[in-house]
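Trainee: Residue numbers (our numbering), protein chains in the order written: chain A, 1 to 305; chain B, 1 to 374.
It is worth saying that the hints were derived from the structure and are not from the lab.
Here the structure is a predicted model, which means the values were calculated and not measured.
There are no misleading hints in this set.
Restraint ranges, calculated between C-beta atoms of paired labels, are given here: (1) B:373 / A:205: 42 to 48 Å; (2) A:205 / B:256: 31 to 37 Å; (3) A:31 / B:199: 51 to 57 Å; (4) A:221 / B:41: 30 to 36 Å; (5) B:149 / A:85: 43 to 49 Å; (6) A:258 / B:132: 54 to 60 Å; (7) B:145 / A:134: 48 to 54 Å; (8) B:129 / A:110: 38 to 44 Å; (9) A:85 / B:156: 54 to 60 Å; (10) A:146 / B:149: 52 to 58 Å; (11) A:123 / B:256: 36 to 42 Å.
Even for Gly, the Cβ is constructed at its ideal location relative to N, Cα and C.
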Amino acid sequence: MASTVSTPPTGTPASGEAVDPALERAAERAAARRGALLALPGFVYLGLFFAVPLAIVFVYSFATRSSTGRTILGEWSLRSYGRLFDPLVGGIAWRSLWIAALATAICLLVGYPFAYFIATRSPRVRGLLLVGVMIPFWSNFLVRTYAWRLLLGSDGPLSQLTDLAGLGPSRLLFTPTAVLIGLVYGFLPFMVLPLYAAIERMDFGLVEAARDLYASGWKAFRHVTWPLSRPGVVAGSILVFIPSLGAYVTPEILGGSRTTMLGSFIVRQFLSARDWPFGSSLSFVVMAVMLLATMVYFRVGGKTL
Amino acid sequence: MTTTPSPASTATKASEALAVSTAAVELAEVVKRFEDVTAVERLDLRVPDGEFFSLLGPSGCGKTTTLRMIAGLEIPTEGSVRIFGEEMGLRPPNRRPVNTVFQSYALFPHMTVEQNIAFGLQMRRTAADETRRRVAEVIELVRLGGMERRKPQQLSGGQQQRVALGRALVNQPKVLLLDEPLGALDLKLRQAMQLELKELQERVGVTFVYVTHDQEEALTMSDRIGVMDAGRLLQVGTPEEIYEHPRTRMVADFIGQTNFLAAVAQGQGEARLADGRTVNVPPGSTSGVAITLALRPEKLSVVPAGEPSPSGANQLVGVVERRVYLGSSLTYEVALEGVTLRVRQENTPSVAQCREGDRVGIRWDPASTTVLEE
Numbered sequence: 001m002a003s004t005v006s007t008p009p010t011g012t013p014a015s016g017e018a019v020d021p022a023l024e025r026a027a028e029r030a031a032a033r034r035g036a037l038l039a040l041p042g043f044v045y046l047g048l049f050f051a052v053p054l055a056i057v058f059v060y061s062f063a064t065r066s067s068t069g070r071t072i073l074g075e076w077s078l079r080s081y082g083r084l085f086d087p088l089v090g091g092i093a094w095r096s097l098w099i100a101a102l103a104t105a106i107c108l109l110v111g112y113p114f115a116y117f118i119a120t121r122s123p124r125v126r127g128l129l130l131v132g133v134m135i136p137f138w139s140n141f142l143v144r145t146y147a148w149r150l151l152l153g154s155d156g157p158l159s160q161l162t163d164l165a166g167l168g169p170s171r172l173l174f175t176p177t178a179v180l181i182g183l184v185y186g187f188l189p190f191m192v193l194p195l196y197a198a199i200e201r202m203d204f205g206l207v208e209a210a211r212d213l214y215a216s217g218w219k220a221f222r223h224v225t226w227p228l229s230r231p232g233v234v235a236g237s238i239l240v241f242i243p244s245l246g247a248y249v250t251p252e253i254l255g256g257s258r259t260t261m262l263g264s265f266i267v268r269q270f271l272s273a274r275d276w277p278f279g280s281s282l283s284f285v286v287m288a289v290m291l292l293a294t295m296v297y298f299r300v301g302g303k304t305l
Numbered sequence: 001m002t003t004t005p006s007p008a009s010t011a012t013k014a015s016e017a018l019a020v021s022t023a024a025v026e027l028a029e030v031v032k033r034f035e036d037v038t039a040v041e042r043l044d045l046r047v048p049d050g051e052f053f054s055l056l057g058p059s060g061c062g063k064t065t066t067l068r069m070i071a072g073l074e075i076p077t078e079g080s081v082r083i084f085g086e087e088m089g090l091r092p093p094n095r096r097p098v099n100t101v102f103q104s105y106a107l108f109p110h111m112t113v114e115q116n117i118a119f120g121l122q123m124r125r126t127a128a129d130e131t132r133r134r135v136a137e138v139i140e141l142v143r144l145g146g147m148e149r150r151k152p153q154q155l156s157g158g159q160q161q162r163v164a165l166g167r168a169l170v171n172q173p174k175v176l177l178l179d180e181p182l183g184a185l186d187l188k189l190r191q192a193m194q195l196e197l198k199e200l201q202e203r204v205g206v207t208f209v210y211v212t213h214d215q216e217e218a219l220t221m222s223d224r225i226g227v228m229d230a231g232r233l234l235q236v237g238t239p240e241e242i243y244e245h246p247r248t249r250m251v252a253d254f255i256g257q258t259n260f261l262a263a264v265a266q267g268q269g270e271a272r273l274a275d276g277r278t279v280n281v282p283p284g285s286t287s288g289v290a291i292t293l294a295l296r297p298e299k300l301s302v303v304p305a306g307e308p309s310p311s312g313a314n315q316l317v318g319v320v321e322r323r324v325y326l327g328s329s330l331t332y333e334v335a336l337e338g339v340t341l342r343v344r345q346e347n348t349p350s351v352a353q354c355r356e357g358d359r360v361g362i363r364w365d366p367a368s369t370t371v372l373e374e
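Could you put together the complete structure from these sequences and hints?
Mentor: Take a look at the structure:
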């Protein structure tokens, strides 16, 4: 593009880099069009299979349910939203929040030292350990959760162990604890991986600098390592909390009927209760609350950097 | 005088004892091995209080490891590290009276300039108002006024360097350790900071142990230099001693440029070169011993080939192979029989210049020859 002609056209400086601004804009527009074209399949896919169904759910949440369980479109009401204030819903939401928060906290507590350990190994050991973290993903989640049913069952190995220890057989299966164990087991990798990425990226020279500036090991962690790995903590917590809150498989298999969580409750509205408007409004509100909470969390947690 | 020791002699003894105990840093037979690599090999070093001491050497020579052992970031495999007479042993870095300016600065990216500088004081639970006062003083000292609220990534390299310096100095350490602190700066800024650092050191009177691979930097700033190579301390001395009287070929080669001529000592201040010619050298070597003559390029001068040499001066004849123009000076590479000598001439009107291919004489004063026996 740069002109090397010795006599520049009248008016343009001799630098040879002056390009007609109109041409430049046209080139930029063309580049933007090409980019949009490449992104089109993604847009179409998400639009068809994500945005449209979501809109349908949204519309259904204002519909009414006939006495036979059919959804009547055309008779719009806010009744299904009113039902959200039912104490039963509140109880389930509270339990879900509580269990999800606990699962997140345990994942963080267990995952942080582990991620730190991996991040401070030699590259070869690091690779092996990371593959180790991801191996469970290669087998079916449902199968793995069923395996816990055997482990936690009343005649399972855990129960036998407590019995041998004189504590009597443990009755963990179909309790909130069993759900918690299942959730921590299932989602721990989602905590470890972002934490690992954040810690691995950190300059350990900063820890040395802190130690040199009179910080004890613990203080260096608190004032340097922890704040610098916070993006990983935020990302990992979100990746564990959100699926835990909406978890369906784990509470269904390990929680039994006594430990209903939001996910199972919503499913029940669609399948057995045949109350699609209520299920829809429930889904929508949970989603909105989670989105809001995530945004706040990112805003607060991301502030450190 | 005979029975009781005179006051004068006790005073001398006392001051000697004091001199021994006030070594700011003392390393005795320090060895550091990493698995099968020996980074530092039996190193002995004494840095008196208030000195600007540089550890100079090529990368990988163990100078940074030595510094880190003083800081407590590495623990010696063998030997002892003392700071103001106190054995450091396994003491962790946060309990040593030293601070470090790191090569990459290692500024905390999530803290402002002010918070970075206050970090050490806060870790030692200094009162808030004293912390504020001292931080303000140091910000003044390192000329960072107006930058207090900035994050490190919003500062230029030179400013970051000064934050690192301020963050260490605010703690009033007894010894300041600096690991190539100017390495990341461009030449102009580096030269300015060299003078600034030296001046600062004189003003605050803190002992500096300064690690660098830049010989010019070490010569400019240091009271004394220790030259290291392959984990060993080869020579310790003032910049002048190191430059004028290098004790080994490595030191002569590393500090500045040097021509090496293989020779055999002849006694009576003479040496025979490989091609049989005899030159005058400073006396002292036993006749028959193989020696190396080290000649600095700037101590040599180029003269017209036929010109007779004044008595006592050495003169060899060669052909100019290359002429390199450096602005304020010129370098000639002159081929003699078997060797090429590098000669540096000032670019002044009084010095005649020559062209490539010219036959010239190379002349030097025997006194400026360094004789190396190895």
